[in-house]
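Trainee: First to last, the protein sequences are chains V and E. Letter 130 of the first sequence, counting from 1, is numbered 130 in the working numbering, and no numbers are missing. Letter 44 of the second sequence, counting from 1, is numbered 44 in the working numbering, and no numbers are missing.
Keep in mind that the hints were calculated from the coordinates and are not lab data. Quick caveat, the model's predicted, so the values are computed rather than measured. Just so it is clear, CB atoms sit at the ideal spot from N, CA and C, and this is done for glycine as well. Check before you lean on any hint, since a few could be wrong.
Said to hold, decoys possible - Rough simulated footprint, nothing fancy, chain E against chain V, three-plus residues with beta-carbon under 8 Å:
(1) 43-52
(2) 55-69
(3) 91-104
(4) 148-159
(5) 211-220
(6) 249-261
As the list claims (entries may be wrong) - Far from chain E by the CB rule (all over 12 Å, computed), these chain V residues:
(7) Trp28
(8) Gln80
(9) Gln83
(10) Thr87
(11) Gly113
(12) Arg126
(13) Ser202
(14) Thr275
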Amino acid sequence: MIVPRAAQGVKVAAADAGARAGIGVSMWQRSRQLVFDAVGLAVAAVMLFPIYWMIATAFKPGREILTLTPTWFPSPITLQNFQDAITRPYFLENVKNSLIVVGVMLVLALVIGFLAAVGAARFGFRGRTAYLVMIIAVQMVPLNALIIPLYLTLDGIGQVDALPGVIAVYLAAVLPFMIWTLRGFVANIPVELEESAMIDGSSRFGAFWRITFPLVAPGLVATAIFSCIQAWNEYIIAYVLLSSPSNQTLTVWLASFTTNHGPEWGPLMAGATITGLPVVAFFLLLQRYLVGGLTAGSVKG
Amino acid sequence: MGLAISAPDLEPSPFLSDDAPTRVQQRSKLFPYALIASSLAVIGGILAFPLGWLVWISFQHYGLKELIAHQGRWVGLDNYRTILLDPLFHQVLIRTLLFTFACVALTLVLSTLIAQLLLRVRRLVRVALMSALVFVWATPVIVSVDIWQWMFDYEFGVINYLLTQLHLGNFIHHNWFDNPIQGWGVVLVIVVWGAIPFVAITLFAGLLQVPGDIVDAAQVDGAGPWQRFWYVTAPMLRPLFLIVICLSTIWDFGVFTQPYVLLNERPSADYFTIALYSYRESFGVTQYGQGAAIAVVMVIVLVFVTLFYVRETVKVAEIA
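Generate the whole structure from the sequences, applying the supplied hints.
Mentor: Below is the structure:
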């Protein structure tokens, strides 16, 4: 896997410094490594603490949450907060809305994105470079700034406070990234593979379906998961466009929790855990594409 | 091209290129256009068209009456004149710029340090640190705001407890949002905490591609760790740094959710960012024209950053 060149660098540095200071090389190297490892673990702990605190609070009974001297581990463990959160008004409706929004958006995005990626990767046509530059540039349009015209447009056609409007906006938001990333995947597959399948008697479509498509599948999975996460996490558009509580999505429910219920930290943390859980699960699935895949939208071609 | 980012050719494979027309192209020159048509329709209709309309609305008076009639009233540059004379707007614009700068700088410094650390720790620690970063990265913004709101709670928040225990002062019942400077500090912590994983992991991936022998050569020539980073590694990562800075600037400049949700959807003017101010003007006091003008100013500031970003990306991807 990753064999960092630093390992060699450290060895050289250690030998160098060790020889100069007259300390045993391995001693110097070991203590230096120990410091790095300790700092690394400390950083990991600091970064993770808020997430730990959310989960710990979610499992604590109320009296252990509202205390001036916090306890570090929940004991006894209780599921009361989760039950509270789930039985709150609109929770289940909003979970359903979130799932609908993400699902419909995803199917549309995959079809449209895949077609466009094949078009941009496999064919030369006039305006191709302009199209690709547009795809990069449009990723930078701040959705926050578009809320007003989007709201007024949807208001004009009576689609405010309805899911289709939100789905359309999310679709447009994830599409550029999807096309750009998938284009890279398709372009990396040599056309010669398809050609040889065609020589062996396959139709052009058959060659594409049996050869190219399976090779692009990891790209489809990666971009699909990434789009899911983005749509699941989005807040502002859903908050502005969906006004009635039963039509809102989970993030809107969660954001207005303290406003509507006062600071009931236990159920809030339980709700936050439920909202974050699918995302974390998806992210772990995505992990092996993270480094190469996500920056591919911005860095790689 | 210093950085070994493998950029697949943006030209189509020669088999299908312009100078060797294939059967497919002969059959229909329109086929590729058919493939990209739906994406053009969605992006054009839902991103490009509203952007144009935003500019159009910013020249109109568009209040409650106009909202009901679905028809704005043309007022020329009035909205812009109003915001340019509005001291609150100046304050909000400067605050947003300063906040963006602080966030981006802090994110970049901490992420670079973490990326360097990832290179140097042993394998097991690297896996632990990477996993921690991925978990933070995966945390939805709303969830993170809720968590930090709880941790910074004035009464039972764990942070006040810890700070008091560490004898950094008496933080019992300390309300972080009474003083906007402290409140913005909390927002800064939330934004930077959430931004570090992407930047750190991206920079780490870049660092792995810096050829080791060049760094070692510099070391043999007597360069210290700081010099090695500044004169050897950093220049090689320049394109990556530029892209990360552009993206962070764009994200942080548009900050809305963190202050808005943190202050229970009722932030005072002290907590306005430009995105929040635009939102308040349009959806809070139904002055959509005014809000649109503010949003246009926001877009104009970002266009400069975006142009820079597109130029760098195009360069890295070798389109041009």
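Trainee: Could you run down the list of hints and mark each one as holding or not?
Mentor: Taking the hints in turn, this is what the structure says about them:
1. 43-52: Per the Cβ count (7), the hint holds.
2. 55-69: holds (count 6)
3. 91-104: Coverage by chain E is violated for the stretch 91-104 of chain V (0 residues, Cβ < 8 Å).
4. 148-159: Result for this restraint: holds, n = 8.
5. 211-220: Since 0 is below three, the answer is violated.
6. 249-261: holds (count 7)
7. Trp28: holds (14 Å)
8. Gln80: holds (17 Å)
9. Gln83: Consistent with the label, V:Gln83 stays out of reach of chain E, its closest Cβ about 19 Å off (over 12 Å).
10. Thr87: holds (19 Å)
11. Gly113: violated (7 Å)
12. Arg126: violated (9 Å)
13. Ser202: Per Cβ check, V:Ser202 is outside 12 Å of chain E; nearest 15 Å; holds.
14. Thr275: violated (6 Å)
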